[in-house]
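Student: For what it's worth, numbering that gives the first Met the number 0 labels the leading residue of the sequence shown as 0, then goes sequentially.
The set of hints was computed from the structure by calculation and includes no laboratory data. Check each hint, because a few of them may be wrong.
Unchecked claim - The following label-pair restraints were derived from C-beta to C-beta distances: (1) 8 to 57: 32 to 40 Å; (2) 115 to 77: 31 to 39 Å; (3) 22 to 118: 16 to 24 Å; (4) 19 to 89: 17 to 25 Å; (5) 9 to 57: 19 to 27 Å; (6) 159 to 112: 39 to 47 Å; (7) 106 to 9: 15 to 23 Å; (8) 58 to 81: 31 to 39 Å; (9) 96 to 33: 32 to 40 Å; (10) 96 to 8: 15 to 23 Å.
None of the values given here were measured: they were computed from a predicted structure. Glycine included, each C-beta is placed from N, C-alpha and C at the ideal position.
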Amino acid sequence: MGIDNLYNKEAKDKIRDLAKDIDFCMMATNLSNIPFHAIPMSTKKVDEQGNVWFLSGRESDHNKNIQKDSQTQLIYSDASDMKFMKLYGHSTITDDKSILKDLYGKTDDNWFDGLDDPSLTAIKFAPKEAHYWEPKHGKFISLIKMGIGAITGNQPDISEEGHIKP
Numbered sequence: 000m001g002i003d004n005l006y007n008k009e010a011k012d013k014i015r016d017l018a019k020d021i022d023f024c025m026m027a028t029n030l031s032n033i034p035f036h037a038i039p040m041s042t043k044k045v046d047e048q049g050n051v052w053f054l055s056g057r058e059s060d061h062n063k064n065i066q067k068d069s070q071t072q073l074i075y076s077d078a079s080d081m082k083f084m085k086l087y088g089h090s091t092i093t094d095d096k097s098i099l100k101d102l103y104g105k106t107d108d109n110w111f112d113g114l115d116d117p118s119l120t121a122i123k124f125a126p127k128e129a130h131y132w133e134p135k136h137g138k139f140i141s142l143i144k145m146g147i148g149a150i151t152g153n154q155p156d157i158s159e160e161g162h163i164k165p
């Protein structure tokens, strides 16, 4: 397994690429309690600073948890393409109309009554640190190397991982 630690622009680009490719993550809040609160969320945007943006209901449990304690964990998982990322950071909630307009899409009508829905808010997740895992050469080549490794008894170098520090 190759190690490739990423910092600054490279780190932000990796977060953006993986979040875009995987889209859905589990957002965990209320981290100081067990069990913590976790809910699937669709990534709306990763901005130039590496912040990850989501839409959320004003009275949702995760919004309430963020208001009490901003510590948040995001876990992205795409087992079919063997791409994974975990991020730790802090979240804030906003109802700024220009931000909501930038993030809102037609499919969001499934959860909200349009941009003027009073319950509509955005969550800005600012990552402090992260870690990723992904195949070095794509899924198909990785599967071939795994097969060869099973036959030869040699452990193949098929994946790459690294610490991300935006």
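Student: All hints are to be evaluated individually against the structure, with a verdict given for each.
Tutor: Going down the list of hints, with the structure as the test:
{"no.": "1", "hint": "8 to 57: 32 to 40 Å", "result": "34 Å, holds"}
{"no.": "2", "hint": "115 to 77: 31 to 39 Å", "result": "34 Å, holds"}
{"no.": "3", "hint": "22 to 118: 16 to 24 Å", "result": "23 Å, holds"}
{"no.": "4", "hint": "19 to 89: 17 to 25 Å", "result": "22 Å, holds"}
{"no.": "5", "hint": "9 to 57: 19 to 27 Å", "result": "36 Å, violated"}
{"no.": "6", "hint": "159 to 112: 39 to 47 Å", "result": "44 Å, holds"}
{"no.": "7", "hint": "106 to 9: 15 to 23 Å", "result": "31 Å, violated"}
{"no.": "8", "hint": "58 to 81: 31 to 39 Å", "result": "37 Å, holds"}
{"no.": "9", "hint": "96 to 33: 32 to 40 Å", "result": "37 Å, holds"}
{"no.": "10", "hint": "96 to 8: 15 to 23 Å", "result": "30 Å, violated"}
Checked against the numbered hints above, the structure violates hints 5, 7 and 10; every other hint is satisfied.
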